[in-house]
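> The primary structure of each chain is shown beneath.
Number of protein chains: 2
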Amino acid sequence: MKMRRKGILIVVSGFSGVGKGTLMKQLVHSYDNYALSVSMTTRQPRPGESDGKEYFFVSREVFEKTIAENGLIEYANYCGNYYGTPKEYVEKQLEKGKDVILEIEIQGALKVREQFPTALLLFVMPPSAQELKKRLEGRGTETEEVIDKRLKRATEEAEGIENYDFIVINDKLEECVKEMHGLILAAHETPDRNQEFIDNMRKELENFAK
Amino acid sequence: MKMRRKGILIVVSGFSGVGKGTLMKQLVHSYDNYALSVSMTTRQPRPGESDGKEYFFVSREVFEKTIAENGLIEYANYCGNYYGTPKEYVEKQLEKGKDVILEIEIQGALKVREQFPTALLLFVMPPSAQELKKRLEGRGTETEEVIDKRLKRATEEAEGIENYDFIVINDKLEECVKEMHGLILAAHETPDRNQEFIDNMRKELENFAK
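Read top to bottom, the protein sequences are chains A and B. Counting from 376, one number per residue, gives the positions in the first sequence under this note's numbering. Counting from 376, one number per residue, gives the positions in the second sequence under this note's numbering.
It should be emphasised that the hints constitute simulated quantities derived from the structure, not laboratory data. Hints should not be assumed to be uniformly reliable.
Since the list gives no way to pick out one identical chain from another, each pair is judged satisfied if it fits inside one copy or across any two copies.
[As the list claims (entries may be wrong)] Think about it this way: if two alpha-carbon atoms lie no more than 25 Å apart in a straight line, the pair counts; the simulated DMTMM-like pairs of lysine to aspartate or glutamate are: (1) Lys578 x Asp546; (2) Lys486 x Asp567; (3) Lys395 x Asp407; (4) Lys428 x Glu537; (5) Lys400 x Glu571; (6) Lys467 x Asp407; (7) Lys440 x Glu520; (8) Lys486 x Glu424; (9) Lys428 x Glu478; (10) Lys585 x Glu532; (11) Lys547 x Asp407; (12) Lys473 x Glu463; (13) Lys473 x Asp540; (14) Lys486 x Glu506; (15) Lys471 x Glu554; (16) Lys400 x Asp546; (17) Lys471 x Asp407; (18) Lys395 x Glu424; (19) Lys585 x Glu489; (20) Lys547 x Glu517; (21) Lys462 x Glu506.
If we strip away everything but chain A, and leave its shape as in the complex, we get (with noise of 0.2 Å):
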């Protein structure tokens, strides 16, 4: 079967705070069929981050250079700055047989689907919004007002949840990373992407009946 696959382009959305960057690390570490996709911006860099690793950092130029091309598969502007998918990377880890993993907010994953048809868009939520909460709090970190803030944008977020594939409920990292990758084998099985598997049996079976 090995023969037949194809990488699959994967959509992480899900609430702030429900853990999904730690969620992707795992599951790219756990198994070797992944690649993460590196967004292009134009803001600079933080203290730590570097280029090609956190993100592509280019000049504003060369975004709008790459827009016209039609180099991304998808970008928006964010506080003044631009943010991208570059196209060219996801194809080449796509053609070398990888699933290359994208995260991305609801606008985003829906354009994504348009350029992908067959992309696979997963939803991840936590086990309760309680839990939410509580690791929402739990950082330490914010006030409260951004507490509340991220609750009312969860709840904005919520209203897209039907137009992805699956949901993937983060309770226990480990089980979750596992059940992520057990939906991602699973994509690998549907009609529309072994669709040439599909026409050389019909091939083949005509080739008997004649």
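Model the placement of chain B on the given structure of chain A, informed by the hints.
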């Protein structure tokens, strides 16, 4: 997560000779979340078959009464005998949280989906058409004519594959059983099969925002 588990109705189709029966038996034997649906028929029991195990054997009158009472999920008439899926047994098992497995061909599968929109449709395929031919020949019990008929029938059945949620490649039995179980676990994590959980999360989040 156990508390939000509801059973899924699983429809298994696939080419004759591909090993669906063995696969389903092994699945039910290996995991405790499955129940096999038992069909109702008006045909006579064969030696060794017993009522309620291979089939519910009933008279034509009882079968037609069951149709009239809307007691069947689907039914068909083959060679003058009725075959159908009793609704009550399936619904009881689903309520208990069991995933109910049903072997049926494409027309029946599509009828099931009309009544159970969250039914999961699996299509079992051989690793290659050549392998299917080999398995049919390997039985040693069929004439060349019968084998040709089955291969022709497979060509027709292959037309409907895109209607299924997942394809299942039956190469090595044990691996295939695990893979099939994985697909069913994944299916439990779609938004439409977790609507209650999602709605509750939304309500909880909205309450925080007040």
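> Indicate, hint by hint, whether the structure satisfies it.
Right, here's what the structure says about each hint:
1. Lys578 x Asp546: between (46 Å within a copy, 20 Å between copies)
2. Lys486 x Asp567: both (19 Å within a copy, 22 Å between copies)
3. Lys395 x Asp407: within (19 Å within a copy, 32 Å between copies)
4. Lys428 x Glu537: Result: close neither inside a copy nor across copies, 32 Å intra and 40 Å inter.
5. Lys400 x Glu571: Neither, since 32 Å and 30 Å both go past 25 Å.
6. Lys467 x Asp407: within (16 Å within a copy, 42 Å between copies)
7. Lys440 x Glu520: Neither way: lysine 440 and glutamate 520 sit 39 Å apart in one copy and 65 Å across, limit 25 Å.
8. Lys486 x Glu424: neither (27 Å within a copy, 56 Å between copies)
9. Lys428 x Glu478: For lysine 428 and glutamate 478, the Cα distance is within 25 Å only inside one copy (14 Å; across copies 50 Å).
10. Lys585 x Glu532: between (55 Å within a copy, 17 Å between copies)
11. Lys547 x Asp407: both (21 Å within a copy, 23 Å between copies)
12. Lys473 x Glu463: Intra 14 Å, inter 45 Å, cutoff 25 Å: intra-copy only.
13. Lys473 x Asp540: The answer is both: 19 Å in one copy and 23 Å across copies each meet 25 Å.
14. Lys486 x Glu506: The answer is neither: 30 Å in one copy and 41 Å across copies each exceed 25 Å.
15. Lys471 x Glu554: both (24 Å within a copy, 23 Å between copies)
16. Lys400 x Asp546: Classified as within; 16 Å inside a copy, 33 Å across copies.
17. Lys471 x Asp407: within (12 Å within a copy, 38 Å between copies)
18. Lys395 x Glu424: So lysine 395 and glutamate 424 pass the 25 Å test inside one copy only (19 Å; across, 53 Å).
19. Lys585 x Glu489: Cα proximity of lysine 585 and glutamate 489: none, with 40 Å in one copy and 36 Å across.
20. Lys547 x Glu517: within (23 Å within a copy, 53 Å between copies)
21. Lys462 x Glu506: Answer is neither; intra-copy 36 Å and inter-copy 39 Å both fail.
The earlier numbered hints that this structure contradicts are 4, 5, 7, 8, 14, 19 and 21.
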